[in-house]
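Residue numbers (the working numbering), protein chains in the order written: chain A, 10 to 321; chain B, 4 to 710; chain C, 117 to 574.
If you are wondering where the hints come from, they were derived from the structure by calculation, not from laboratory data.
Only a predicted model underlies this, so the values are computations on that prediction, with no experimental measurement involved.
Here a beta-carbon is modelled for each residue, glycine too, at the ideal position from N, C-alpha and C.
Some hints could be false.
Claimed, not checked - From chain B, some residues computed to sit far from chain C (all C-beta separations above 12 angstroms):
1. Ala65
2. Thr149
3. Arg585
To be verified - Chain A regions said to be covered by chain C (calculated; three or more residues, Cβ under 8 angstroms):
4. 32–41
5. 194–201
6. 220–233
7. 289–296
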Amino acid sequence: MTLGALLLPMMAMAAPLSGTLGTVGSDTLGGLMTQWGERLSARHPEVRLQVQASGSGTAPPALAEGVTRIGAMSRPMTEAERADFIARQGHPPVAVPVALDALTLFVHRDNPLTSLSLAQVEALFADTRFCDQTPAIRRWGALGLDGDWASRPVARFGRNTASGSHALFKREALCGGNFRRDVNELPGSSAVVAAVGRSREAIGYAGLGYPTAMVKVLALRDDEGTPRLPTQDNVVSGRYPLTRPLYVYVNLAPEERLPALERAFFDLVLSPEGQAVVARQGFVPLPEPRLAAARRALRLPSLAGVTQSSSN
Amino acid sequence: MTEPSTAPPRPNRRLRQRLDRLATGVIAASGIGVVVAVLAIGVYLTLAVLPLFDGAEVDIDAAPSAADDGAIHAVWLADDGTRWLTRDGHLRDAEGEIATLTTDTTIASVAESGKTQPLALGLGNGEVRLVPRDDSGRLRWAQASTMRLFEARGVVALTLRHAAQGWVLAGRDTQGKVAALWHTGEATRRLLVPETAEHIALGHAGRLAMTQGTQLTLWQLSPDGGGKALARTETQAPVTALGFLQGGRTLIVGDAQGGLRRWRLSPDATGWQVAETSYTALGDAAIRRLIALPRQRLWLALDDSGRLGLYQSLSGQRWQGQAPEATPPPAVSINAQGTQVMWLDATGALQRLAIEAPHAAVSPATLWMPLTYEGHSDAQWRWAAAVTGDEEPQYSLVPLAWGTLKAAAWAMVFAVPLALGAAVHSACYMSRRQRARLKPAIELMEALPGVVIGFVAGLFVAPFVERHLAGTLALFVCVPLGSVACGWLWRMLSRRWGPRLPPISAGVGLMVPLALLCWAALSLSPWLEAWWFGGDLRAWMHQQWGWDYAQRNALIVGMAMGLAIIPTLYSLAEEALSGVPRPLAEGSLALGATRAQTLWRVQLPAAAPGILSAVMIGAGRAVGETMIVLMVTGNTPLMSPSLFEGLRSLAANLAIELPEAAVGGTHYRLLLLGALLLFVFTFVVNTLAEMVRWRLKRRYRRYGGDA
Amino acid sequence: MNIPRLGGDGVWRWLSGACVALSLLAVVALLVLVVTRGLAHFWPADIEQLTLDDGQRIAGIARGSAAGEERYFTANRDLDGQVWRWVETQAIVTRETPPALLYAERRDWGSFIGRLTAVETPAGERLQGAEAERRLRRALAGDAEVATLYVRNVEGRELKVAFAQVASIAWPNRMDVGDKLAAWGHGVWRFLSEAPSDGNTAGGVWPAIFGTLLMVMLMSLVVTPFGVLAALYLNEVARQGPLTRLVRIAVRNLAGVPSIVYGVFGLGVFVYGLGGRLDSWFFAERLPSPTFGTGGLLWASLTLALLTLPVVIVATEEGLARVPVALREGSLALGATRFETLRRVVVPMALPSMLTGVILAVARAAGEVAPLMLVGVAKLAPEIPVDGEFPYLHLDSKFMHLGYHLFDLGFASRDTEAAMPLVFATATLLVLVIVVLNLTAIILRHHLRARHRALEHS
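Build the full structure now, drawing on both the sequences and the hints.
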């Protein structure tokens with residue numbers, strides 16, 4: 010522990026922080042960002058966080074154009090987005106993982122289905138067969154349900170193209186293929202869950218933090234055929250197949266120090282308090298080593314340092 | 004009233020007149036301002052959309068070359084300047100040598116795949132040298148590593164592509180033998196393909212295309228070092244150039260007769276199916292080189308006679324010109340945006356190609372025609388914005404225009420009869436006082452925000468109708484029959500008790516019986532389904548007619564949006580009907596016609612133009628309504644006319660996708676094109692409607708009406 | 117007795133009557149649905165304690181049932197990991213409503229249902245039982261201090277809650293109707309006066325109300341002069357000819373252009389065009405962070421001003437047309453210039469109709485959401501764009517809007533099931549604001565017409 014790392018937070022405390030921090034990006038992260046915003050204002054009464062959450066796709070153009078310095082994304086930036094950012098800003102953006110999430114498949118609570126394989130997911134949602142060649146699934150009977158379920162049609166719900174969930178689902182579950190045109194695209198993850206909860210024949214995908222009383226979470230079968238529910242253990246270990254980190258991208262040149270506002274924000278997000286918000290929102294907090302790595306990457310004092318300096 | 008001015012008029016007469024002129028000027032200017040505002044919207048949208056249809060441009064200029072000998076093999080565009088790679092393994096920039104890559108052999112081939120994968124150099128001794136990149140995509144020449152691909156013979160052709168967690172590369176030696184390396188992050192496996200080839204190209208997920216004469220073979224490599232032939236086919240002429248486009252799913256083949264074709268692999272029931280489409284040829288000389296650019300699935304073709312063409316995989320040829328030198332370049336370097344290509348010609352001169360084709364993926368054909376996209380076996384109209392830049396852009400406006408018109412049409416189906424009926428009722432069957440009470444109610448209805456209607460319809464009505472479909476459909480029969488039955492009952496009652504009944508309008512009086520009727524029909528819904536449709540109307544519809552029922556469908560949109568446009572339609576139609584000069588109707592009644600005869604033969608024909616304009620303005624509103632469609636439909640870009648399937652409208656599409664679109668990009672401008680279409684449509688419809696109304700007013704005035 | 121025939125006349129009369137009835141019915145049903153659900157949200161419902169046949173105990177608020185199962189809102193997300201429970205009706209052995217069950221709204225983790233075991237004062241004193249409850253009630257009233265609450269759910273699991281975390285506490289099972297009414301009123305007041313909390317799924321809508329009002333006020337500042345001037349041009353200044361016809365068609369067209377197209381125009385011209393320019397001239401030191409080059413209050417107001425321009429023009433014109441020609445001619449004959457006639461005679465008489473136009477424009481703007489999604493509305497902007505800091509009114513800041521808040525709650529909050537009552541409450545508020553505005557306009561117009569009629573007859 011260097012003296013600087015101890016002194017810096019204290020220096021920051023000397024003059025009260027003030028200002029407004031604007032963020033653009035993921036709707037999945039929208040709830041988290043607003044909660045972090047509330048807590049940031051509690052820590053620094055003069056600091057405000059403005060959250061615009063219409064989808065991960067909105068973050069890269071906003072970051073590249075300099076419309077915002079912080080962009081929340083529920084998927085990593087693509088090569089093209091990174092290249093655009095580097096072309097405009099001259100340095101790569103810094104991706105800070107802030108939580109873990111899993112793309113979760115939901116069905117109505119009356120649906121007897123319990124698990125799916127990835128090939129079945131593609132056959133349900135895609136027009137193309139880039140991963141596997143399972144024929145298209147149109148009735149619940151094709152997934153092994155019997156009785157009156159066998160002849161019921163499948164209604165599919167998903168997110169709009171701006172969302173990271175959409176892009177990631179497309180890349181991971183459809184191998185980059187195209188969605189069926191009759192997949193309902195709704196402008197919010199909870200809208201997907203709500204729609205699934207209101208239609209008995211529905212299946213939909215969204216982030217982890219959204220289950221309600223009306224839906225059931227499906228397990229996904231891994232390579233060995235073992236069904237895996239998106240539990241905290243399975244997500245942290247990566248045994249659940251559609252696991253993803255949620256990122257907050259920040260426009261930070263390699264030799265530049267994080268400006269005070271951004272610093273306060275990330276200090277909160279990557280703290281036990283910030284990670285408790287993650288758990289409360291139904292996502293999975295970052296495991297200890299990844300949290301420490303993320304703090305190091307931003308040159309934030311390590312967590313032990315924070316507790317020491319605040320107890321001083 | 005107003006007090007007379009007490010000020011003496013004379014002394015400031017000049018001032019007053021000047022003030023008068025000034026005020027008149029200001030007022031007139033703001034009147035003109037309204038016209039300007041309308042024009043400004045149209046002009047802005049047009050200006051923003053026009054660049055979409057600009058032609059592509061390729062500028063070729065000879066860049067200054069530091070080469071003083073013919074030993075330069077390739078040139079690199081780095082972020083901080085240009086680098087030269089000499090055949091004997093030295094890397095230089097404008098100042099001098101940076102690194103020595105090899106000392107004991109020569110560089111025979113180069114391959115690159117994007118700005119995150121390493122650069123591969125094929126050496127004259129059968130080895131491959133890999134130069135890794137850092138976070139920003141800069142090459143780390145000092146950390147290059149070497150791997151062996153062939154025993155001894157030089158690697159004359161090399162192709163590289165990223166794969167899950169690593170990369171794949173394939174090379175061809177001087178005798179046509181083909182070998183591949185698959186790097187998975189932990190291990191690198193080598194694979195020898197048991198066939199010879201003249202040209203090779205690597206596609207997505209280890210798919211290797213090889214040609215020998217007219218024979219085209221597709222191999223599937225696997226990370227464990229295995230491989231199998233997926234498909235074999237004959238081409239029309241001997242293949243002279245080969246290349247996979249960005250994404251690695253579309254193969255471009257150039258042949259000895261100048262033919263350029265696109266090959267797609269798509270899975271079907273029997274396995275893999277290969278389909279081809281041909282492009283406008285450059286000429287009849289053999290194609291020498293195909294260069295895939297990293298954006299928008301653009302590619303360059305160069306033929307033997309030096310003709311150079313820029314193509315896009317779906318919209319076809321975008322530009323054709325002459326290359327400075329006919330001989331194909333040994334190696335090319337492309338920047339990350341795909342806007343600059345550098346190559347060396349045979350004389351050692353450096354050529355820089357600046358490619359200006361920001362919206363190459365858009366052409367009338369891609370907007371309005373069905374196309375066969377990657378992974379599909381038939382031509383379709385598809386709208387799927389390429390958000391991340393890796394996907395194939397699917398930019399057909401047809402499904403959106405279709406959805407817009409479909410939603411508007413179904414809304415009109417619901418709204419027109421109801422609104423016209425209500426207008427007729429209040430114009431012909433209601434007293435002045437009753438009308439005066441109804442109007443504010445309808446105006447309040449007009450003020451209901453779309454977001455409230457949309458939310459109730461989307462989250463409440465849609466699931467309800469799904470559960471009570473039979474009952475809902477039964478309403479369309481029950482309500483008209485029920486209301487006529489009520490009328491009949493009323494007449495029975497009035498015969499019996501006559502004057503003792505309260506004087507009540509049919510419109511208001513029907514509310515309670517109709518509410519009861521609706522409630523009865525909806526609660527009988529499960530029995531209705533059980534009696535006639537085997538318990539499940541939706542399953543029955545599917546079996547009988549093959550109709551699928553989506554929860555978010557045109558029926559709900561029609562009802563919700565119908566409710567939103569009824570007030571507009573009603574007010575305008577009522578205005579037209581009550582504007583019909585009274586003498587006309589009174590004359591008809593005096594001549595012994597019944598109320599209904601007068602309505603159908605006199606009043607409706609006289610008001611027809613006004614009603615038409617009301618319908619047009621209502622349609623204009625329905626086309627542009629955003630929140631209702633956004634919240635009620637599933638935004639599915641389908642092309643089905645079915646009442647029970649979803650849709651995606653231009654307006655809702657704008658609301659969802661515009662905030663996400665990069666400003667100035669193809670997607671952004673296409674969305675603005677959608678807005679322009681909406682603007683033009685409503686402009687034309689409203690102007691026509693206004694002209695109709697104007698003429699009607701003139702006609703009424705002639706007949707002595709009070710409108 | 118002979119059966120009466122319902123002739124063609126009768127059939128059409130009743131069929132067209134059914135159209136009126138159906139339209140009205142649909143609106144009434146919609147309003148009743150929204151308002152009853154919205155207002156019911158604040159009613160403190162009884163908490164039931166269920167004992168199941170396997171001995172499990174559950175406490176919650178009944179919220180609907182389906183096919184032999186009942187749904188309970190059980191709160192306590194931190195203890196159970198969920199806030200809903202489905203219970204099979206057959207499995208329920210007993211149902212009680214124990215008076216000791218409390219319902220607490222917390223700033224974190226949502227609501228809590230359970231019993232109070234003890235409270236701790238800031239001095240560290242621990243009070244139990246009835247004394248604890250008395251102390252807590254006094255603390256809630258602001259008469260005493262409490263640091264920590266010790267509560268336990270029906271299964272007996274203990275929980276410690278800091279008093280600062282508690283937004284409200286109620287014992288609904290103990291309340292009589294009067295208490296409940298008071299609690300209901302208090303709930304409504306908090307909804308109107310507090311900022312949203314817990315990721316927009318709890319708390320109130322004050323910033324959204326304020327944002328909507330401020331935006332609408334700014335908009336009317338812009339739209340009123342332009343709308344009135346344009347109407348004056350059409351009615352008073354211009355000779356009725358091709359040019360006025362062109363302007364009239366333009367007004368119709370402005371009214372017919374879809375609102376989302378205004379949003380696109382606002383985004384392209386105001387935000388990126390004007391805003392970007394302003395930034396590079398005046399706020400260059402803050403670039404690349406935009407000041408006016410991103411959606412905000414000013415641009416939203418301007419966009420909506422353009423959108424509502426036709427409303428003001430049409431209403432003003434109507435009022436101007438009703439000013440008797442004799443008055444105008446009288447004024448001119450007395451030697452007044454045209455401007456003076458306008459200022460002293462015509463405009464004062466048409467003033468109420470202009471006001472009507474502005475009120476209608478405000479009502480329209482308050483309900484528009486689509487264009488705002490493009491030009492500056494935010495999911496959460498709890499600070500109000502007016503404060504003590506120069507320039508006091510922050511035209512560049514993003515703001516919350518009731519209509520968008522409604523959309524956001526319904527489509528993007530974490531648990532739409534739990535947020536649904538809040539959505540209905542917000543919808544009720546929005547509808548109420550708009551209905552009140554419209555009624556004002558209607559009544560104003562009614563009086564106006566009566567006055568004019570009197571004037572014409574005198």
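Non-interface claim for alanine 65 of chain B, where every Cβ of chain C lies beyond 12 angstroms
Label holds. Min Cβ-Cβ 36 angstroms, cutoff 12 angstroms.
Please verify the coverage claim for the stretch 32–41 of chain A: does it have three or more residues whose C-beta sits within 8 angstroms of some C-beta in chain C?
holds (count 4)
Under 8 angstroms between beta-carbons, do enough residues of the stretch 194–201 of chain A, three at least, approach chain C for the coverage claim to hold?
holds (count 6)
Non-interface label on arginine 585 of chain B, tested against every C-beta of chain C at 12 angstroms:
Per Cβ check, arginine 585 of chain B is outside 12 angstroms of chain C; nearest 19 angstroms; holds.
Verify the coverage statement for the stretch 289–296 of chain A against chain C, using a C-beta to C-beta distance below 8 angstroms and requiring 3 or more qualifying residues.
Holds: 3 residues of the stretch 289–296 of chain A have a Cβ under 8 angstroms from chain C.
Minimum C-beta separation from threonine 149 of chain B to chain C exceeding 12 angstroms: can you confirm that?
holds (43 angstroms)
Checking C-beta pairs, does the stretch 220–233 of chain A have three or more residues closer than 8 angstroms to chain C?
holds (count 4)
The structure shown violates none of the earlier numbered hints.
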